[in-house]
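Number of protein chains: 2
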Amino acid sequence: MSYQPPVQDLMFCIEHLSHWETVSALEVYSECELPDVGAVLESYARFCAEQIAPLSQVGDTQGARFEKGRVTMPDGDVQAYAQFVEMGWQALTHPVEYGGIGMPRAVGAAAVEMLNAADMSFGLCPLLTDGAIEALLLTGSDEQKATYLGPLIEGRWSGTMNLTEPQAGSDLGRVATKAVQRADGSYGITGTKIFITYGAHDLTENIIHLVLARTPDAPAGPKGLSLFIVPQKLVEPDGTLGAANAVNCVSIEHKLGVRASPTAVLEYDDATGFLIGEENSGLEYMFIMMNAARFSVGVQGVAIAERAYQRALAYARDRVQSRPVNGQIKDAVPIIEHPDVRRMLLRMRSLTEGGRAMAASTAGLLDIAHHRENPEFAALAEFMVPLVKGFCTERAVEVASLGVQIHGGMGFIEETGAAQHYRDARILPIYEGTTAIQANDLLGRKVMRDGGATARLFAAQIAETEAKLASGDASARAIGTGLAQARAAFETALDWMLENSRTDIDAAFAGSVPFLMLTGALAAGWSLAKGALAAQTGQDNAFRTQKIATALFYAQHILPECATEQNRILCGSQSLLDAAFPD
Amino acid sequence: MSYQPPVQDLMFCIEHLSHWETVSALEVYSECELPDVGAVLESYARFCAEQIAPLSQVGDTQGARFEKGRVTMPDGDVQAYAQFVEMGWQALTHPVEYGGIGMPRAVGAAAVEMLNAADMSFGLCPLLTDGAIEALLLTGSDEQKATYLGPLIEGRWSGTMNLTEPQAGSDLGRVATKAVQRADGSYGITGTKIFITYGAHDLTENIIHLVLARTPDAPAGPKGLSLFIVPQKLVEPDGTLGAANAVNCVSIEHKLGVRASPTAVLEYDDATGFLIGEENSGLEYMFIMMNAARFSVGVQGVAIAERAYQRALAYARDRVQSRPVNGQIKDAVPIIEHPDVRRMLLRMRSLTEGGRAMAASTAGLLDIAHHRENPEFAALAEFMVPLVKGFCTERAVEVASLGVQIHGGMGFIEETGAAQHYRDARILPIYEGTTAIQANDLLGRKVMRDGGATARLFAAQIAETEAKLASGDASARAIGTGLAQARAAFETALDWMLENSRTDIDAAFAGSVPFLMLTGALAAGWSLAKGALAAQTGQDNAFRTQKIATALFYAQHILPECATEQNRILCGSQSLLDAAFPD
Numbered sequence: 119m120s121y122q123p124p125v126q127d128l129m130f131c132i133e134h135l136s137h138w139e140t141v142s143a144l145e146v147y148s149e150c151e152l153p154d155v156g157a158v159l160e161s162y163a164r165f166c167a168e169q170i171a172p173l174s175q176v177g178d179t180q181g182a183r184f185e186k187g188r189v190t191m192p193d194g195d196v197q198a199y200a201q202f203v204e205m206g207w208q209a210l211t212h213p214v215e216y217g218g219i220g221m222p223r224a225v226g227a228a229a230v231e232m233l234n235a236a237d238m239s240f241g242l243c244p245l246l247t248d249g250a251i252e253a254l255l256l257t258g259s260d261e262q263k264a265t266y267l268g269p270l271i272e273g274r275w276s277g278t279m280n281l282t283e284p285q286a287g288s289d290l291g292r293v294a295t296k297a298v299q300r301a302d303g304s305y306g307i308t309g310t311k312i313f314i315t316y317g318a319h320d321l322t323e324n325i326i327h328l329v330l331a332r333t334p335d336a337p338a339g340p341k342g343l344s345l346f347i348v349p350q351k352l353v354e355p356d357g358t359l360g361a362a363n364a365v366n367c368v369s370i371e372h373k374l375g376v377r378a379s380p381t382a383v384l385e386y387d388d389a390t391g392f393l394i395g396e397e398n399s400g401l402e403y404m405f406i407m408m409n410a411a412r413f414s415v416g417v418q419g420v421a422i423a424e425r426a427y428q429r430a431l432a433y434a435r436d437r438v439q440s441r442p443v444n445g446q447i448k449d450a451v452p453i454i455e456h457p458d459v460r461r462m463l464l465r466m467r468s469l470t471e472g473g474r475a476m477a478a479s480t481a482g483l484l485d486i487a488h489h490r491e492n493p494e495f496a497a498l499a500e501f502m503v504p505l506v507k508g509f510c511t512e513r514a515v516e517v518a519s520l521g522v523q524i525h526g527g528m529g530f531i532e533e534t535g536a537a538q539h540y541r542d543a544r545i546l547p548i549y550e551g552t553t554a555i556q557a558n559d560l561l562g563r564k565v566m567r568d569g570g571a572t573a574r575l576f577a578a579q580i581a582e583t584e585a586k587l588a589s590g591d592a593s594a595r596a597i598g599t600g601l602a603q604a605r606a607a608f609e610t611a612l613d614w615m616l617e618n619s620r621t622d623i624d625a626a627f628a629g630s631v632p633f634l635m636l637t638g639a640l641a642a643g644w645s646l647a648k649g650a651l652a653a654q655t656g657q658d659n660a661f662r663t664q665k666i667a668t669a670l671f672y673a674q675h676i677l678p679e680c681a682t683e684q685n686r687i688l689c690g691s692q693s694l695l696d697a698a699f700p701d
Numbered sequence: 119m120s121y122q123p124p125v126q127d128l129m130f131c132i133e134h135l136s137h138w139e140t141v142s143a144l145e146v147y148s149e150c151e152l153p154d155v156g157a158v159l160e161s162y163a164r165f166c167a168e169q170i171a172p173l174s175q176v177g178d179t180q181g182a183r184f185e186k187g188r189v190t191m192p193d194g195d196v197q198a199y200a201q202f203v204e205m206g207w208q209a210l211t212h213p214v215e216y217g218g219i220g221m222p223r224a225v226g227a228a229a230v231e232m233l234n235a236a237d238m239s240f241g242l243c244p245l246l247t248d249g250a251i252e253a254l255l256l257t258g259s260d261e262q263k264a265t266y267l268g269p270l271i272e273g274r275w276s277g278t279m280n281l282t283e284p285q286a287g288s289d290l291g292r293v294a295t296k297a298v299q300r301a302d303g304s305y306g307i308t309g310t311k312i313f314i315t316y317g318a319h320d321l322t323e324n325i326i327h328l329v330l331a332r333t334p335d336a337p338a339g340p341k342g343l344s345l346f347i348v349p350q351k352l353v354e355p356d357g358t359l360g361a362a363n364a365v366n367c368v369s370i371e372h373k374l375g376v377r378a379s380p381t382a383v384l385e386y387d388d389a390t391g392f393l394i395g396e397e398n399s400g401l402e403y404m405f406i407m408m409n410a411a412r413f414s415v416g417v418q419g420v421a422i423a424e425r426a427y428q429r430a431l432a433y434a435r436d437r438v439q440s441r442p443v444n445g446q447i448k449d450a451v452p453i454i455e456h457p458d459v460r461r462m463l464l465r466m467r468s469l470t471e472g473g474r475a476m477a478a479s480t481a482g483l484l485d486i487a488h489h490r491e492n493p494e495f496a497a498l499a500e501f502m503v504p505l506v507k508g509f510c511t512e513r514a515v516e517v518a519s520l521g522v523q524i525h526g527g528m529g530f531i532e533e534t535g536a537a538q539h540y541r542d543a544r545i546l547p548i549y550e551g552t553t554a555i556q557a558n559d560l561l562g563r564k565v566m567r568d569g570g571a572t573a574r575l576f577a578a579q580i581a582e583t584e585a586k587l588a589s590g591d592a593s594a595r596a597i598g599t600g601l602a603q604a605r606a607a608f609e610t611a612l613d614w615m616l617e618n619s620r621t622d623i624d625a626a627f628a629g630s631v632p633f634l635m636l637t638g639a640l641a642a643g644w645s646l647a648k649g650a651l652a653a654q655t656g657q658d659n660a661f662r663t664q665k666i667a668t669a670l671f672y673a674q675h676i677l678p679e680c681a682t683e684q685n686r687i688l689c690g691s692q693s694l695l696d697a698a699f700p701d
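Chains as they are written, first to last, in the working numbering: chain A, 119 to 701; chain B, 119 to 701.
Treat the hints as calculated values from the structure; they're not laboratory data.
Hints are not guaranteed to be accurate.
Which copy is meant is left open, because identical chains are indistinguishable; a pair holds if it fits in one copy or across any two.
To be verified - Quick list of in silico lysine to aspartate or glutamate cross-link-like pairs, EDC-like style, CA-CA up to 16 Å:
#: 1; residue 1: K341; residue 2: E532
#: 2; residue 1: K448; residue 2: D289
#: 3; residue 1: K296; residue 2: D449
#: 4; residue 1: K341; residue 2: D449
#: 5; residue 1: K351; residue 2: E323
#: 6; residue 1: K263; residue 2: E215
#: 7; residue 1: K351; residue 2: E491
#: 8; residue 1: K351; residue 2: D320
#: 9; residue 1: K341; residue 2: E402
#: 10; residue 1: K341; residue 2: D289
#: 11; residue 1: K351; residue 2: D436
#: 12; residue 1: K586; residue 2: D193
#: 13; residue 1: K263; residue 2: E455
#: 14; residue 1: K586; residue 2: D701
#: 15; residue 1: K341; residue 2: E261
#: 16; residue 1: K586; residue 2: E283
#: 17; residue 1: K341; residue 2: E396
#: 18; residue 1: K296; residue 2: D356
#: 19; residue 1: K186; residue 2: D658
Bear in mind the structure is a predicted one, so any value in this text is a computation, not a measurement.
Extracted from the complex, chain A is given alone in its bound form (with noise of 0.2 Å):
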């Protein structure tokens, strides 16, 4: 069973929902023409297809290994990581001006995409090696980015991201690792990392930590944190790679999935560290790293869930098993005919599409705001930062049940790598941070702060797009209803959310994680729906015909979900808080 990268989509989301026109016209992009993106698509799917997707299972199969501090890739991927490297692709979006491509977060999104449906162990590291660089960008110095952003950008050397402690995980003011500055102005960082995605791995001739610290004086809690740069080995004033740093890998964790992607404990001993930006602002800057690993995160849900699919369509297509239940066939037939096994394909498929076209809208947005001095914009891409990676990546273990699901007692085999998908995708509403702190970055940073607004003007698109469907045909004015009724639904949570956060903090966010799941199927659903009206008119009848039909069975089978959530959080939270738990 081999990857097939579907270019196909990933181009009508770029064309239509990333705000194409927007984009493509702020001047860094002002040289980029769709069917460049398109060429640049089709070579990584290509690569992705024929040179990364065969190093999956056998990967998952070998694991990372550690022995003596060092750890060593399965077969195969030391070659294909050259080879990524000799291509160019890490820096497929990054700017010109440093040796990128200069692509917009779209087109980086579908190669993201790609990478981590081919291998989403292999996707990991340039992944987190793109969150280093777009941190260096926005927070690092003249020298700091003259030193490290071109071998990043190159790949010829990847990032990582050391937030984790044992007694720090979502509680990031826990953070222990003591930053001590010397003479010559660096910093001696010494403590114990845990959960370091890429810490350590034998692909690239350097790594680039960076590291949350605390300097001696720092105040307590989250305000007391400051970033370091802190290279696995050091870099000489010319470039050259000098002495091995004080960090040891001294193990790597036993996974569930993902086990080609080695996640490493990492203990600094009075490591060379070089202060990001000021002192005691390291957690907004690793914010800014995290909110675009974040969002990178939800599209992996995206690519596990369209690897699931892939998988699951063949395996129902060449399955021949049990006659129709209407009786009209009196052979067995391909299960694919089984109204049930359509049911699950159909769910898959469109909640792997919607999160591609929530993506592509999202990315859209975040290239605008970042380009562009507009609050709106930036608002609204702020807020759909924590759908993305919420929604998609708590779908993504959704659509990867099914997957195993729909091929039966064969699914229970690893063999058959509808498993693997079941198991790596588990991390995905984990890392990065959890469902429940999108919930909370939702709930209280993008909703409540601004009273409600940026929600507003999120709904407020959304019924543009209903009345557009609503001159439709038969189907657009069916997926117009479904929609409607889902905007409905997340406008009452909505003004109870706003109520209570005065009257009721703790009622509200019991409801977070509902809200965020009605938030992000409701923007799921608009954005098929939006697809769906793009494909009233084009070429391919096929394919046009397939993103309605999604459209409309998303609005018909998922939207409804959107009523469930908003009475969980109106009736429900009164029991969520009063119950007992004892012994």
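Dock chain B against the given chain A, drawing on the hints supplied.
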């Protein structure tokens, strides 16, 4: 983290939900008193917690091993199984006349839950043996009963079900294994069976395979299947073991979960088999066994859910992270204080207790139906079996996944143990008939066949519970409101299903799984509501308060899903059936 068998809740379910008055009035159970049941379950609980639970992680890590045609079980399993036999636990629910203890099915369900919560891989062996015993009791000849029942009920021999072949999974009509009668009346069985749970192991001195096969002149399809006893070792007339039969284990599967439960490929090469009952009636007999096994697999779902809940609860009490959102405490608190962690824990608890309550009720119905001529009880029991299997197993996957989520990053590390439940649970909605098969059974055989009569009786009984809740306190009334809304959704969906069963059978079956999930959620909510009524009086205040709180949470957080399922059924069939899957 040790397993604490929930004996108090199990006994509560037996006393208040398993129709205990009627069951214990049956002649066969006339000597069975609740205090005795309590003593038996306490004893079994100790065995499960102390002897079995410690094996679970070891077994998962080592797995069953296959070498040169032999299966070796993980460390400790052989000794623990010997103790299981020594204590006579296999006999718990079987007839006294064959050496059984003769306890009712509800007690058996409690025992199955505890054993499988302790170690599902271990629990599968006795579960399959129970099924073989049940089939022999109902369909075996006197001689077959005399030969096989004693050692099976002792647990000295184990039983298996041999249905699946590479081309015949859900579609048993495609079974191709041959059975050719010999001059001595026995049959020569030849063919390959796959996915045979405990098809080979070193726990017992013999294995009794029940095998579906086809005689030379049998009609094609499911009506040409016969059922055979194929002992691994032939049994001499005096009951001693003779020559090895021509059944060979050629491999075992490398699975996502339940790794200590060997899943065998068995080759029958003119093996000696003995016909059970009549030729061509094999599927009917197998369904007897399968119905018992399906119910038990539903209980396995409750078991995994309970274990996952206990593990998550312990972690949530222990792990300190972040201040409360309401700002009333300035220090980090155990995460159980955070609303969303409470939400996840209560979701886990209410789904687990709901499944347990529903299983206890169904067990009682099955006993009454089995031992008394009462078509109404029989029909209700049959109606409930696919709900217990379908709903409890799908929810087990969800609950296990929430258990991982509560652990955050630690949940993804295999040593933590939460991931094992997520892996183990995944087989439950697949084996003994996938969720779609259960849904077809519910809709086709249990609803449409009697024109909805049983389904309406089910709804009417729920309405009676609602009436009692209406005169209760605020919690009771709120539970009643949730139940009434869910029942209304059920009746709307039922009307639509009955109408479409005549006019558009494809549309009806397009909603079969949503209908199963709706009905299952309602049945579990109803069972919890009956429990809440029972909990209004009694001794242990903390326990009774928890029962009511759990039922209320379920009514407000889970039952609203019924309306969503109803929407999918009524509005979603066309978009499901019309969608194309272009290449």
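Inset, instruction - Pop the pair K341 and D449 into one bin, within, between, both or neither, using alpha-carbon distances up to 16 Å. - result: between (69 Å within a copy, 15 Å between copies)
Legend entry - Copy assignment of K586 with E283, given that the CA separation must stay at most 16 Å: neither (50 Å within a copy, 53 Å between copies)
Legend entry - Intra- versus inter-copy proximity for E455 and K263 (alpha-carbon distance at most 16 Å): neither (57 Å within a copy, 43 Å between copies)
Inset, instruction - Check K341 against E532 for me: Cα-Cα at most 16 Å, and say if that holds within a copy, between copies, both or neither. - result: neither (46 Å within a copy, 34 Å between copies)
Inset, instruction - State whether the alpha carbon distance between K586 and D701 is at most 16 Å within one copy, between copies, both, or neither. - result: neither (56 Å within a copy, 30 Å between copies)
Inset, instruction - Could you place K586 and D193 in one of the four classes (within, between, both, neither) given a Cα distance threshold of 16 Å? - result: neither (52 Å within a copy, 66 Å between copies)
Inset, instruction - If the cutoff is 16 Å on CA atoms, where do K263 and E215 land: within, between, both or neither? Let me know, please. - result: within (11 Å within a copy, 84 Å between copies)
Inset, instruction - Since the copies are identical, ignore which copy is meant and state whether K296 and D449 lie within 16 Å (CA to CA) inside a copy, between copies, both or neither. - result: neither (70 Å within a copy, 21 Å between copies)
Legend entry - Intra- versus inter-copy proximity for E323 and K351 (alpha-carbon distance at most 16 Å): within (8 Å within a copy, 62 Å between copies)
Inset, instruction - Tell me, please, which holds for K296 and D356 at an alpha-carbon limit of 16 Å: within, between, both or neither? - result: Cα proximity of K296 and D356: none, with 29 Å in one copy and 78 Å across.
Inset, instruction - First find the shortest C-alpha distance between K341 and E396 inside one copy, then the shortest across copies, and answer within, between, both or neither for a cut-off of 16 Å. - result: So K341 and E396 pass the 16 Å test inside one copy only (12 Å; across, 79 Å).
Legend entry - Within, between, both or neither: K351, D436 at alpha-carbon 16 Å: neither (51 Å within a copy, 38 Å between copies)
This entry does not satisfy hints 1, 3, 7, 11, 12, 13, 14, 15, 16, 18 and 19, going by the numbered hints stated previously.
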